[in-house]
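Asks: Those protein sequences? They're chains E and R, same order as listed. Mapped onto numbering that gives the first Met the number 0, the consecutive letters of the first sequence carry residue numbers 0 to 82. Mapped onto numbering that gives the first Met the number 0, the consecutive letters of the second sequence carry residue numbers 0 to 398.
Since the hints were derived computationally from the structure, they do not count as laboratory data. Take these hints with a grain of salt, some might be off.
Partner residues aside, some chain E positions facing chain R, computed with beta carbon under 7 Å [said to hold, decoys possible]:
#: 1; residue: 24
#: 2; residue: 28
#: 3; residue: 42
#: 4; residue: 64
A quick note: this is a predicted structure, and the numbers were derived from the prediction, not measured. C-beta atoms are modelled at their ideal positions from N, C-alpha and C, and glycine is treated no differently.
Listed below are the residues making up each chain.
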Amino acid sequence: MSELERAQVEAKVRTVIGQTFGLSPAEAAGELRMGNPTTWDSMGHMQLIVGLEEACNWSCPGHQIADLVDVPTIVDAICNPSN
Amino acid sequence: MGNPAEFPHSVPLGLIIPADLVGDVVGKLHYVSEQLAGFRISDSRDTVHFRLKPGQESQRALVTDRLREVATKLCRSYRSWGDKVLVSRPREHFAYHEDPHPSLEREGQIFRYGNGRYGLGPHVVALVEAFDRRFLRTVESFSPEAHQFPSIIGGDVLSRCRYIKSFPHSLSLVHHLREDLDAIQGFAEQAEWGGDHLNVKPNSLAQPETLLSPTVCFHCYAWLADSKQPRPRIITARGKCFRFESGSLHGLERLWDFSMRELIFVGPKEFVLEQRQKVIDASTQLLDRWNLSYEIKTATDPFFIDDFSQQSSFQRAFDLKFEVRAALPYKPGGSVAIGSFNIHQDFFGRSFSIGTIDGQPLHTGCVGFGLERVALALIAQHGLDPAGWPPGVREDISR
């Protein structure tokens with residue numbers, strides 16, 4: 000995957016995180032990880048995973064869910080779905 | 000096909016219930032409607048066959064829609080996880096194979112008062128007490144602080160930790176009468192037993208402040224609420240717990256009113272994780288001493304319909320819950336959860352503002368054993384005669 004495509008995925012991920020947790024565009028562009036925003040808690044985490052699956056036409060394997068706690072890790076998982 | 004005489008109505012679900020979700024779906028379908036008299040999921044797991052109570056045929060369309068709604072919501076976003084088994088103690092041959100409930104009733108060792116309500120006789124009490132004593136001895140090295148909590152719990156506590164939203168179906172509300180002379184006198188004159196319920200005018204009841212406590216550890220978090228803890232805490236308590244599980248209530252397997260011994264951890268994440276593993280190891284020794292056949296494996300809590308999919312997925316993803324499932328030889332392949340080892344991450348720390356000195360939310364975890372279920376598992380595997388119970392059990396009873 001090219002850097003451009005990866006950047007597009009990251010933008011989409013940040014959009015979904017922003018929509019899921021009601022963030023402003025500036026907040027969604029900042030450092031995001033589980034616990035920050037505080038609404039990214041257990042319920043929020045699963046809402047986010049479902050939202051990402053729909054938006055990115057991607058299926059998250061159960062064993063990866065616990066690891067997807069920040070933007071770079073999520074982008075990696077979506078860009079490399081076989082991992 | 001369902002037997003048309005037994006279940007005259009059928010709902011095609013438009014999906015196939017995953018095999019490992021059938022138990023969860025069955026557990027929730029009991030709550031669909033008071034007009035539902037019985038149901039069965041088809042072998043192909045794509046249809047629910049059901050019957051309505053007499054005279055309730057007009058409710059058929061509504062019940063049909065609700066059955067489909069519940070199945071759809073529970074199966075939504077389903078993921079196949081596979082069980083993570085930490086400990087396995089299988090056994091091919093058991094000394095006893097019968098359902099012990101009829102014999103226990105006949106011999107005066109249990110008494111059924113009503114749905115989910117049982118009294119225990121001397122042999123069962125001896126097992127309950129012996130297991131509790133031995134468990135406390137097993138975890139002596141943790142130096143737990145002994146506590147005692149009430150059987151009723153404030154609605155504020157259950158609301159603060161989302162229990163009311165996540166488990167509304169199993170709540171047991173506690174009412175007293177309104178502090179009003181007319182209401183009390185009217186109640187005394189009018190309230191009467193209606194055959195299967197007490198006829199009560201709702202306006203004689205005060206709004207509920209409390210509920211029967213569904214678990215032990217919530218009291219602990221409420222006790223520590225809005226505090227900063229300078230050091231990790233380990234607390235133990237035994238209490239009565241109450242979970243209304245409707246049509247799933249069955250003998251000592253699933254009581255409305257049961258006893259639980261808990262060990263509760265409050266501290267940093269690593270501390271809580273380490274304690275849970277230590278208790279799993281210690282409990283394994285205890286269960287082996289009692290010569291039980293069991294597995295310790297991943298599990299989820301019975302969240303209600305709307306929270307189920309996401310909350311249970313989260314628990315599985317983070318290995319938050321492991322259960323001890325003891326074999327029930329009278330149900331081929333069947334088992335009952337007799338204990339659980341739970342991590343809550345910082346959920347209760349945040350919900351109850353329990354923090355470190357510098358204000359970071361603390362993590363919590365708990366271990367709980369359902370004492371009546373332990374007794375049932377022992378009797379189901381080793382029989383009713385104490386002389387036939389494993390030496391470790393007899394020794395623990397005699398101490």
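Asks: Which of the numbered hints above does this structure break?
Replies: 1 and 2
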